[in-house]
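Student: Chain by chain, the residues:
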Amino acid sequence: IAGITQAPTSQILAAGRRMTLRCTQDMRHNAMYWYRQDLGLGLRLIHYSNTAGTTGKGEVPDGYSVSRANTDDFPLTLASAVPSQTSVYFCASSPRENLNSPLHFGNGTRLTVT
Amino acid sequence: AQSVAQPEDQVNVAEGNPLTVKCTYSVSGNPYLFWYVQYPNRGLQFLLKYITGDNLVKGSYGFEAEFNKSQTSFHLKKPSALVSDSALYFCAVRAFNDYKLSFGAGTTVTVRA
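Chains A and B are the protein sequences, given in the same order. Counting from 54, one number per residue, gives the positions in the first sequence under the working numbering. Counting from 213, one number per residue, gives the positions in the second sequence under the working numbering.
Note that these hints are calculated values from the structure, not bench results. There may be inaccurate statements among the hints.
[As the list claims (entries may be wrong)] Cβ pair distances, simulated, as ranges:
| hint | chain 1 | residue 1 | chain 2 | residue 2 | range |
| --- | --- | --- | --- | --- | --- |
| 1 | B | Thr-320 | A | Arg-75 | 28 to 34 Å |
| 2 | A | Thr-58 | B | Tyr-251 | 14 to 20 Å |
| 3 | B | Gly-274 | A | Thr-73 | 37 to 43 Å |
| 4 | B | Tyr-251 | A | Ile-65 | 19 to 25 Å |
| 5 | B | Ser-292 | A | Asp-115 | 43 to 49 Å |
| 6 | A | Gly-116 | B | Pro-291 | 42 to 48 Å |
| 7 | A | Ser-133 | B | Ala-226 | 45 to 51 Å |
| 8 | A | Ala-132 | B | Pro-291 | 46 to 52 Å |
| 9 | A | Thr-167 | B | Ser-238 | 35 to 41 Å |
| 10 | A | Thr-73 | B | Arg-324 | 38 to 44 Å |
| 11 | A | Thr-104 | B | Ala-325 | 44 to 50 Å |
| 12 | A | Val-135 | B | Pro-219 | 29 to 35 Å |
| 13 | A | Thr-58 | B | Asn-280 | 34 to 40 Å |
| 14 | B | Gly-228 | A | Pro-148 | 37 to 43 Å |
[To be verified] Stretch-level coverage of chain B by chain A, calculated; a stretch enters the list once three of its residues show a Cβ under 8 Å from a Cβ in chain A:
| hint | stretch |
| --- | --- |
| 15 | 247-258 |
| 16 | 308-318 |
The beta-carbon is built from N, C-alpha and C at its ideal position, and this holds for glycine as well.
The task is simple: from the sequences and hints, build the whole structure.
Tutor: Right under this line is the structure:
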């Protein structure tokens, strides 16, 4: 079934540790996104990529980095986790050539930083 | 900068009654507007979108939304709510020339039997 796969599903992480959240899509979408979801704040864009080899900053990029080595994968890295990064993280994708296409979302990664 | 406001944190309705979830937006130029629904422990699912044309758009599961340019609103509606419509609903906006999609804070809908 075509879609977005995120891993892990959930993780408890000690503050100061490094963590990479994985995201893979098989729809050949050029554009990919990372959002965090927090109660009362909705979804906030962390980073995005319009196509392989390019990335951009969203609303809340500090403390996060991304890479886009190929079309399918868009990992999100927390270099040194802090408790305020406790959140649910969603990866999404959409066709680059059609800006009115909806985003497709993965099922999320629930991250707790202690 | 673009933004979305969903003024109600929660909406409670009885099954069979009309359901309305409010959304207002701010964006430069013509907007692309979307509604998504989220069920517990799942990602967001697309319901419907407004791009251009008819101000009333129809989407999945009997939902529809009305675009009002003068009021910069895009309210989600369903004529007769079901218990299974209980979920978290998000409105989102994108400028016509921008990849970034901005979301509202979400509205929790509870439909009681």
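Student: Does each hint fit the structure? Answer for all of them.
Tutor: Quick rundown of the hints versus the structure:
Between Thr-320/B and Arg-75/A, the C-beta spacing of about 30 Å keeps the proposed range 28 to 34 Å intact. In this structure, Thr-58/A and Tyr-251/B meet the distance hint of 14 to 20 Å, their C-beta atoms being roughly 18 Å apart. About 41 Å separates the C-beta atoms of Gly-274/B and Thr-73/A, a value consistent with the hinted range of 37 to 43 Å. Against the hinted window of 19 to 25 Å, the Cβ-Cβ separation of Tyr-251/B and Ile-65/A comes to about 24 Å, which satisfies the hint.
At about 45 Å, the beta-carbon gap between Ser-292/B and Asp-115/A stays in the expected band of 43 to 49 Å. One distance hint, 42 to 48 Å for the beta-carbon pair Gly-116/A and Pro-291/B, holds here, with the actual separation near 45 Å. The given range of 45 to 51 Å is respected by Ser-133/A and Ala-226/B, whose C-beta atoms sit roughly 50 Å from each other. Taken as a hint, the range 46 to 52 Å holds for the pair Ala-132/A and Pro-291/B, whose Cβ atoms sit roughly 50 Å apart.
The given range of 35 to 41 Å is respected by Thr-167/A and Ser-238/B, whose C-beta atoms sit roughly 38 Å from each other. Checked against the hint of 38 to 44 Å, the pair Thr-73/A and Arg-324/B passes, with Cβ atoms roughly 43 Å apart. Between Thr-104/A and Ala-325/B, the C-beta spacing of about 48 Å keeps the proposed range 44 to 50 Å intact. Distance hint check: the CB atoms of Val-135/A and Pro-219/B are about 32 Å apart, consistent with the given range 29 to 35 Å.
Under the hint 34 to 40 Å, the C-beta atoms of Thr-58/A and Asn-280/B, about 38 Å apart, fit the expected range. Checked against the hint of 37 to 43 Å, the C-beta distance between Gly-228/B and Pro-148/A comes to roughly 38 Å, which is consistent with it. Here's how the stretch 247-258 of chain B fares: 7 of its residues keep a CB closer than 8 Å to some CB of chain A, so the rule of at least three is met and the hint holds. Counting residues of the stretch 308-318 of chain B whose CB falls under 8 Å from any CB of chain A gives 11; the rule of at least 3 is met.
In this structure, none of the earlier numbered hints is contradicted; all agree with it.
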